[in-house]
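Asks: Line order of the protein sequences matches chains H and P. Note that numbering that gives the first Met the number 0 has the first sequence beginning at 0, numbered continuously upward. Note that numbering that gives the first Met the number 0 has the second sequence beginning at 0, numbered continuously upward.
Certain hints may be false.
What the hints assert, rightly or not - Cross-link-like lysine-lysine pairs, in silico, DSBU-like; alpha carbons within 30 Å at most:
1. 49(P) with 649(H)
2. 155(H) with 462(H)
3. 582(H) with 106(P)
To be verified - Not the full set, but computed from the structure, chain P residues with beta-carbon under 8 Å of chain H:
4. 20
5. 40
6. 87
7. 88
These are calculated hints, taken from the structure and not from any lab test. Beta carbons are placed, not taken as given, at the ideal position from N, Cα and C, and that holds for glycine.
Each chain, letter by letter, is given below.
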Amino acid sequence: MSLLHLAILLPFIAAVIVPFLFKGFRSIHTGWFVLLVPLALFIYFIQYMPVTSSGQTVSKTFEWIPSLGINFTAYVDGLGLLFALLITGIGSLVVLYSIYYLAKEKEALHNFYVYLLMFMGAMLGVVLSDNLIVLYMFWEFTSISSFLLIGYWYDKERSRYGAQKSMLITVFGGLSMLGGIVLLYIMGGTFSIRELIGMSGELMADPLFLFAMILILLGAFTKSAQFPFHVWLPDAMEAPTPVSAYLHSATMVKAGIYLVARMSPVFAESGVWLWLVAGFGIFTLFWGSFNAVKQTDLKGILAFSTVSQLGLIMSLLGLGAAALHFDTLDENMYMTATIAAVFHLINHATFKGSLFMMAGIVDHETGTRDIRKLGGLVNLMPITFTIAIIGSFSMAGLPPFNGFLSKEMFLTGMISVFELDLFNLNTWGILFPVLAWIASVFTFIYSIMLVFKTFLGKPQFDKLPKKPHEAPIGMLISPLVLVTLVVVFGFFPNLLSNTMIKPAVEAILPSLPAAGQEVYVDIYFWHGFTPELFMTLGIILTGTLMYATLAKWQGVYNRIPERFTINGFYDRGLDGSESGSFKLNEFFMTGYMRSYLIYIFAFFVAILLSTLTVSDAFVIDTSNLAEIRIYEVVLAIVLIAGAITILFAKSRLTSIVLLGVVGYSVALFFVFFRAPDLALTQLVIETVSVALFLLCFYHLPEISRKEERMKFKMGNAVISILVGLTVTLIGIASFSNSQSFESISQYHIDNVYELAAGGNMVNVILVDFRGFDTLFEICVLGIAALGIYAMVNFRGVRREKR
Amino acid sequence: MEILMSIVVGILFMSAVYLILSKSLLRVIIGTALLSHGAHLLLLTMSGLKTGAAPVLTDGVESYTDPLPQALVLTAIVISFGVTAFFLVLAYRAYQELGTDNMEEMKGNESND
Numbered sequence: 000m001s002l003l004h005l006a007i008l009l010p011f012i013a014a015v016i017v018p019f020l021f022k023g024f025r026s027i028h029t030g031w032f033v034l035l036v037p038l039a040l041f042i043y044f045i046q047y048m049p050v051t052s053s054g055q056t057v058s059k060t061f062e063w064i065p066s067l068g069i070n071f072t073a074y075v076d077g078l079g080l081l082f083a084l085l086i087t088g089i090g091s092l093v094v095l096y097s098i099y100y101l102a103k104e105k106e107a108l109h110n111f112y113v114y115l116l117m118f119m120g121a122m123l124g125v126v127l128s129d130n131l132i133v134l135y136m137f138w139e140f141t142s143i144s145s146f147l148l149i150g151y152w153y154d155k156e157r158s159r160y161g162a163q164k165s166m167l168i169t170v171f172g173g174l175s176m177l178g179g180i181v182l183l184y185i186m187g188g189t190f191s192i193r194e195l196i197g198m199s200g201e202l203m204a205d206p207l208f209l210f211a212m213i214l215i216l217l218g219a220f221t222k223s224a225q226f227p228f229h230v231w232l233p234d235a236m237e238a239p240t241p242v243s244a245y246l247h248s249a250t251m252v253k254a255g256i257y258l259v260a261r262m263s264p265v266f267a268e269s270g271v272w273l274w275l276v277a278g279f280g281i282f283t284l285f286w287g288s289f290n291a292v293k294q295t296d297l298k299g300i301l302a303f304s305t306v307s308q309l310g311l312i313m314s315l316l317g318l319g320a321a322a323l324h325f326d327t328l329d330e331n332m333y334m335t336a337t338i339a340a341v342f343h344l345i346n347h348a349t350f351k352g353s354l355f356m357m358a359g360i361v362d363h364e365t366g367t368r369d370i371r372k373l374g375g376l377v378n379l380m381p382i383t384f385t386i387a388i389i390g391s392f393s394m395a396g397l398p399p400f401n402g403f404l405s406k407e408m409f410l411t412g413m414i415s416v417f418e419l420d421l422f423n424l425n426t427w428g429i430l431f432p433v434l435a436w437i438a439s440v441f442t443f444i445y446s447i448m449l450v451f452k453t454f455l456g457k458p459q460f461d462k463l464p465k466k467p468h469e470a471p472i473g474m475l476i477s478p479l480v481l482v483t484l485v486v487v488f489g490f491f492p493n494l495l496s497n498t499m500i501k502p503a504v505e506a507i508l509p510s511l512p513a514a515g516q517e518v519y520v521d522i523y524f525w526h527g528f529t530p531e532l533f534m535t536l537g538i539i540l541t542g543t544l545m546y547a548t549l550a551k552w553q554g555v556y557n558r559i560p561e562r563f564t565i566n567g568f569y570d571r572g573l574d575g576s577e578s579g580s581f582k583l584n585e586f587f588m589t590g591y592m593r594s595y596l597i598y599i600f601a602f603f604v605a606i607l608l609s610t611l612t613v614s615d616a617f618v619i620d621t622s623n624l625a626e627i628r629i630y631e632v633v634l635a636i637v638l639i640a641g642a643i644t645i646l647f648a649k650s651r652l653t654s655i656v657l658l659g660v661v662g663y664s665v666a667l668f669f670v671f672f673r674a675p676d677l678a679l680t681q682l683v684i685e686t687v688s689v690a691l692f693l694l695c696f697y698h699l700p701e702i703s704r705k706e707e708r709m710k711f712k713m714g715n716a717v718i719s720i721l722v723g724l725t726v727t728l729i730g731i732a733s734f735s736n737s738q739s740f741e742s743i744s745q746y747h748i749d750n751v752y753e754l755a756a757g758g759n760m761v762n763v764i765l766v767d768f769r770g771f772d773t774l775f776e777i778c779v780l781g782i783a784a785l786g787i788y789a790m791v792n793f794r795g796v797r798r799e800k801r
Numbered sequence: 000m001e002i003l004m005s006i007v008v009g010i011l012f013m014s015a016v017y018l019i020l021s022k023s024l025l026r027v028i029i030g031t032a033l034l035s036h037g038a039h040l041l042l043l044t045m046s047g048l049k050t051g052a053a054p055v056l057t058d059g060v061e062s063y064t065d066p067l068p069q070a071l072v073l074t075a076i077v078i079s080f081g082v083t084a085f086f087l088v089l090a091y092r093a094y095q096e097l098g099t100d101n102m103e104e105m106k107g108n109e110s111n112d
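Just need the whole structure built from these sequences, with the hints factored in.
Replies: This is the structure we're talking about:
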């Protein structure tokens with residue numbers, strides 16, 4: 000257990016202490032204590048920066064379940080560190096923001112911070128684990144903590160709905176991912192990502208490769224809200240805004256991106272990977288931005304915008320895989336795609352984090368997030384307005400903010416598809432730049448909407464539940480820090496190039512920098528009059544035009560009927576599975592003992608008969624049969640007659656007498672079969688049983704008068720005949736096979752005198768060789784006797800009607 | 000003989016299962032009693048019948064019938080007696096308390112037999 004492991008586990012440890020701090024120091028906001036955790040971790044992780052930027056990695060192993068190959072290996076490389084810094088950095092800002100957002104007097108802060116810390120630790124675990132099983136465990140932890148945080152205001156119906164939805168979708172993905180991990184283990188024999196990367200060539204040749212890839216991508220796509228799994232993210236906006244800013248835009252939803260980036264070295268050589276990741280990404284980009292425009296809730300816009308931006312990063316990672324098909328780094332324009340993905344990941348965390356906090360401030364100070372009610376806030380909330388305008392313009396891809404830079408690089412990456420002659424990209428690939436451009440136009444529109452509809456326009460303060468005013472300074476610090484970063488990264492992008500982006504890109508494409516080469520990252524504003532520049536100009540022009548005419552074409556959104564939306568499918572699927580499983584359950588869990596017995600007997604017949612057939616066990620061996628004497632036949636006929644007549648007996652007394660006949664015949668058979676002890680016991684027991692039966696039913700009143708014959712039931716008859724047949728076949732088969740192996744009986748016969756000094760073998764076996772069996776048999780009898788005694792003396796509440 | 004006994008056992012099982020599936024509690028109990036008779040005979044049959052003298056050490060006898068199944072069956076007889084007695088008293092008491100020995104009426108449903 001090294002310091003690195005402790006760092007990952009620190010949030011969990013802190014989470015245990017938080018409730019006590021909440022109870023112990025009611026006058027201090029619990030958030031101040033919690034803030035120390037991400038802050039300390041951020042400072043701790045920043046020390047790794049020189050290590051990773053020089054191309055080295057750190058790996059510490061703590062043996063957990065070594066026999067199964069599951070070790071908690073903490074592994075820090077460029078990619079993991081980038082995420083760790085995002086998690087702890089944004090985490091600190093979010094905790095600081097939440098201190099002012101959630102009032103200590105009325106919120107259940109202990110719950111909130113426990114979940115938040117649990118999430119933080121889980122997320123660190125995901126990005127710093129080398130072992131896939133450990134990664135999976137932390138992955139599910141993030142799903143659970145996200146569920147708990149979305150459902151934080153659990154008295155709201157929408158919160159519960161959103162929490163359940165996110166849980167169902169992400170856990171479905173998580174389980175698929177587990178399947179993929181298991182397949183990878185079957186193929187490669189290891190859970191370690193680095194070892195799997197080492198053998199990616201062999202893995203590709205395996206027939207299971209494709210399944211493993213698709214299952215792992217399902218995990219990534221559900222977590223990162225890719226189409227059509229994106230539906231959970233807008234509903235997750237019911238969570239408190241700090242949570243939305245943290246989990247549902249900056250970190251957790253990027254876990255899928257992380258997974259794709261991390262597994263790229265394993266899968267990316269394959270063309271299917273490129274098409275799936277890039278294709279789903281670009282469509283999600285378009286679909287998210289298209290739907291964001293129709294939202295009226297500030298957080299709704301941001302949610303769809305997050306979906307769309309995640310799609311953007313995903314598509315870049317997919318296209319970046321094309322770089323693997325070129326040998327040298329010079330002229331390798333597909334490196335741009337991966338660099339842009341990493342760069343945009345950082346940028347998105349900064350501008351989207353600040354925008355979410357802005358939305359939270361607006362909600363907090365005006366009481367609503369509905370852009371139809373908002374407007375004209377610019378004079379009342381100038382600082383918030385500044386935050387909003389910087390964040391939105393960066394999101395829209397306008398200079399001089401960091402969003403412009405990554406948007407340009409994104410367009411470069413998309414245009415480069417034209418020159419790619421791999422995997423049919425030069426035919427269908429045209430869709431990539433086209434969709435990218437359209438999506439960028441919509442991105443521009445909703446970014447503008449976000450600012451203009453909230454802060455400009457006609458003030459309509461009478462519609463607001465609260466009298467608006469500027470937020471307290473504490474609430475503004477965090478978004479201000481983030482927009483400062485937006486501006487700083489915009490002007491000095493190369494602050495990040497060698498420290499963060501280069502190591503991360505090297506981790507995503509480890510095979511690329513051939514000996515002596517290095518990934519070269521240099522980001523700058525002016526590229527000359529390139530197609531990208533004209534595309535951006537086109538985006539701004541078209542976007543402005545469409546924003547101005549928004550009212551005219553907004554009708555298209557109502558064209559899709561509710562029935563055919565993905566949400567509609569989800570809701571009906573959920574209802575259907577609930578009512579369906581209820582009906583199915585009702586269908587076979589009838590509550591009648593009879594039904595259950597029928598299942599048991601039917602299964603008994605099916606499994607035994609099929610085993611007999613499959614293992615070819617049914618043989619009839621007539622060589623060792625004992626001879627049949629005439630009185631044995633007579634006795635058998637008596638027994639059979641008795642057993643069958645019981646079925647048709649009218650009165651109880653007859654049945655009891657017939658049962659006695661069967662029992663005594665069995666005793667006689669024991670005599671014929673040279674089993675004197677059995678015969679004696681059976682005679683005694685049978686006599687006592689019949690007496691007991693008669694005793695019980697002697698006490699039963701009149702009802703026996705109106706007794707009828709048992710009605711014949713076809714279904715029951717078939718089942719019982721089948722059971723009888725099965726048992727007969729088993730009896731014959733096991734007798735015929737009994738000569739084929741040595742019996743242990745001979746041991747008892749040989750040693751009965753030497754070891755136990757007895758002559759009656761059956762008795763010796765019972766009281767000596769298998770003495771414990773007999774002891775427990777006595778226990779059973781004792782328990783039965785106690786039960787009978789209790790029942791006889793039990794006087795329950797009698798029914799009134801008697 | 001073993002084949003004959005297998006058929007007898009099969010018929011015992013058949014009757015037992017049919018009775019167990021019926022609605023009258025008494026018939027269910029009789030069914031379980033028949034089922035244990037069937038099982039005992041099956042155990043003996045499977046190991047071969049009448050393969051030698053009764054399993055009591057006797058001078059000059061070389062071959063005995065298999066004592067092990069007999070020991071098993073002996074245990075089983077006693078246990079099945081315990082179970083049957085328990086069932087019987089249970090049924091008797093249930094009858095006294097509920098006024099019926101029909102399984103469906105016990106659940107509170109009308110008998111639709």
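Asks: Indicate, hint by hint, whether the structure satisfies it.
Replies: Hints and how they fare:
A threshold of 30 Å between alpha carbons decides the hint, and for residue 49(P) with residue 649(H) the separation of about 38 Å lies outside it, so the pair is violated. Restraint check for residue 155(H) and residue 462(H): satisfied, since their Cα atoms lie roughly 23 Å apart, inside the 30 Å limit. A threshold of 30 Å between alpha carbons decides the hint, and for residue 582(H) with residue 106(P) the separation of about 21 Å falls inside it, so the pair holds. This hint holds: residue 20(P) has a C-beta 4 Å from the nearest C-beta of chain H, less than the 8 Å allowed.
A cut of 8 Å between beta carbons decides the hint on residue 40(P): the least distance to chain H is about 6 Å, and the hint holds. Proximity of residue 87(P) to chain H holds as hinted, the smallest CB-CB distance being about 5 Å (cut-off 8 Å). Contact between residue 88(P) and chain H, as hinted, is supported at the beta carbon level, the nearest pair being about 5 Å apart and thus within 8 Å.
Taken one by one, the earlier hints fail for this structure only at number 1.
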